[in-house]
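*Asks:* Working from the sequences, and respecting the hints, build out all of it.
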Amino acid sequence: MKMMNCPLNGLRNISEFVHGGEVKEMPDPNSCSDKEWADYVFFSDNAISVVTEWWLHAPSGYWFIAERHTGSDEILKTYDPSVLFSERVEFSAPATEVKA
Amino acid sequence: MPFSLLKYGLNKDYPFEQHADLPKPTELKPHYDVVIIGGGGHGVATAYYLAKYHGITNVAILEKSYLGGGNTARNTAVIRSNYLTSEGVKFYSESVKLFKELSNEFDFNIMYSQRGQLTLAHTDAAVRGFRQRAEVNKHFGGKTELIDPQQIRELVPTLNMNPADMPVLAGLWHMDGATARHDAVAWGYAKGATQRGVELHQLTEVTDVIVQQGKVTGVKTNRGNVSCGCVVQAVAGHSSLLAAKAGFKMPITTFPLQAMVTQPVKPFLDPLVSSPSLHCYVQQTGRGELVFGGGSDPYPLYSTRSTMDLKESLLANAVELFPFMANMRLMRQWAGLTDMTSDYSPIMGLSPVDNYYLDAGWGTWGFKSTPICGKSMAELVASGGKVPELIKPFSMDRFNAFRQVNEMGATAASH
Ligand SMILES: Cc1cc2nc3c(=O)[nH]c(=O)nc-3n(C[C@H](O)[C@H](O)[C@H](O)COP(=O)(O)OP(=O)(O)OC[C@H]3O[C@@H](n4cnc5c(N)ncnc54)[C@H](O)[C@@H]3O)c2cc1C
Chain A
1 MKMMNCPLNG
11 LRNISEFVHG
21 GEVKEMPDPN
31 SCSDKEWADY
41 VFFSDNAISV
51 VTEWWLHAPS
61 GYWFIAERHT
71 GSDEILKTYD
81 PSVLFSERVE
91 FSAPATEVKA
Chain B
101 MPFSLLKYGL
111 NKDYPFEQHA
121 DLPKPTELKP
131 HYDVVIIGGG
141 GHGVATAYYL
151 AKYHGITNVA
161 ILEKSYLGGG
171 NTARNTAVIR
181 SNYLTSEGVK
191 FYSESVKLFK
201 ELSNEFDFNI
211 MYSQRGQLTL
221 AHTDAAVRGF
231 RQRAEVNKHF
241 GGKTELIDPQ
251 QIRELVPTLN
261 MNPADMPVLA
271 GLWHMDGATA
281 RHDAVAWGYA
291 KGATQRGVEL
301 HQLTEVTDVI
311 VQQGKVTGVK
321 TNRGNVSCGC
331 VVQAVAGHSS
341 LLAAKAGFKM
351 PITTFPLQAM
361 VTQPVKPFLD
371 PLVSSPSLHC
381 YVQQTGRGEL
391 VFGGGSDPYP
401 LYSTRSTMDL
411 KESLLANAVE
421 LFPFMANMRL
431 MRQWAGLTDM
441 TSDYSPIMGL
451 SPVDNYYLDA
461 GWGTWGFKST
471 PICGKSMAEL
481 VASGGKVPEL
491 IKPFSMDRFN
501 AFRQVNEMGA
511 TAASH
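In order, the protein sequence lines correspond to chains A and B.
With this note's numbering as the guide, the letters of the first sequence map in order to residues 1 to 100.
With this note's numbering as the guide, the letters of the second sequence map in order to residues 101 to 515.
Any given hint might turn out to be false.
Claimed, not checked - Subject to a maximum C-alpha distance of 25 Å in a straight line, what follows is the list of computed PhoX-like cross-link-like pairs (lysine-lysine):
no., chain 1, residue 1, chain 2, residue 2
1, A, K35, B, K486
2, A, K24, B, K345
3, A, K35, B, K349
4, B, K349, A, K24
5, B, K197, B, K492
6, A, K35, B, K197
7, A, K2, B, K411
Note that these hints are calculated values from the structure, not bench results.
*Replies:* Dropping the structure here:
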């Protein structure tokens, strides 16, 4: 079976991993237009090239980043998301009181 | 014979043979009214209907490889209309109607074989979903009903009613379900189109799209440039790559889809049998081979390689459905590149570039739509961009309006 190097758990069978899509810059959901949000959520380059993508190691629930060639399926690098993301993104929905 | 085989083997060029029913290749003309990129079933069907119903024959189909060599030659040929949404059912029902008449229309046998499709429910949620699908189908004139385990046993006596410890609770019995010879569909359309004056150029790859002031004016190919009035893009798994050349992105991700077939055995299985929970469907061809298919590969890739992982997971479930198949031998396996959308519905209609029309997002389910998609795309082109009612819900813009047409549950492993 094809193997992938998980930055947390080392070399594992590819069947333990879940693909999470291209790493894209997220527009600010509070200020962006619907078109910009749709672009972020649905549209992608889907190119034949080295692509930076999100992957999940399912058994340990660990998300990381991989650089993979979408033509040859060669996995060039895997690393912890902290390499690209230094800040937490807060999705704080204002709390509303539920009336019984 | 051995000598010609040797010559064939030593040929430096791609072993490309002249099809008896198609005209000899010609030079590309400098201008066409319509350029169709992709000589799969969809491209040739569009050309056929343009010529037949709209008298538009200054048309070139540009195919980088050979006629119908893409997903058209790789699919498992399931034809059905038992989808979930009214938009979907209406659209696919029209296709089933056209398919039934194609052999007569072409005067060429596409081996249309209506044997019904049986989808199995192993959970209460699936039974509820099937009930809804049966009603939507009947509403649009389809023959679909919910049947119980006893009726399933009678239809398919060889089926294990408790596969993988997931008892079969009910079935969605779609009497319109059918198969056809996929290559013959492409050949029939190509023959009909070229007889009416359309040019089919194989081994002709579109390498770039020429856009001026937001409007397409021509394409570049490995055999030179051609100018054109409009373009229809029908390249399945390569949709995003072509769109990038025209300057826009699509809501599509390309995944390999694998299928396989066994040695032939005595006929025992009439209907097409599919289990969404087991991600698996099985059918027996007219020659007696068993065809297996399942879902797309788990992650995106532009490669038509086959994997051991998929064989293991798919066949384990197929053997659960029909345990006696465990000793059969596989004869062939293959893969195609499927252009998946997130709502499992296609993309037909306008693009951000004027006069550049889209026929894409057919993923794992587009063979069955070949006739009606071709007919609708021809209408769109002939009217100069007026989108026919039937395909309006499938515009690419639906994603910008968050108005998806969700067919995921009705597609899954059933294609
Ligand atoms: C294994 C498998 C099983 C399937 N099973 C089913 C099924 O049971 N039922 C069903 O309804 N559907 C099924 N499908 C889906 C179906 O096959 C496709 O949706 C359908 O064939 C798409 O037809 P098309 O003409 O759009 O694409 P294709 O037949 O793929 O044609 C596109 C053509 O475009 C050409 N092309 C690409 N780039 C260029 C370029 N730059 N220049 C020129 N030409 C180019 C390609 O060479 C190709 O021939 C299956 C698919 C696969 C892979």
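*Asks:* State for each hint whether it applies.
*Replies:* Evaluation of the provided hints:
1. A/K35 - B/K486: Between A/K35 and B/K486 the Cα gap is close to 23 Å, so the pair holds against 25 Å.
2. A/K24 - B/K345: holds (21 Å)
3. A/K35 - B/K349: Satisfied, since the Cα-Cα distance of roughly 13 Å is no more than 25 Å.
4. B/K349 - A/K24: Answer holds: B/K349 to A/K24 is near 14 Å, not above 25 Å.
5. B/K197 - B/K492: With a Cα-Cα distance of about 20 Å, the restraint between B/K197 and B/K492 holds, given a limit of 25 Å.
6. A/K35 - B/K197: violated (37 Å)
7. A/K2 - B/K411: holds (14 Å)
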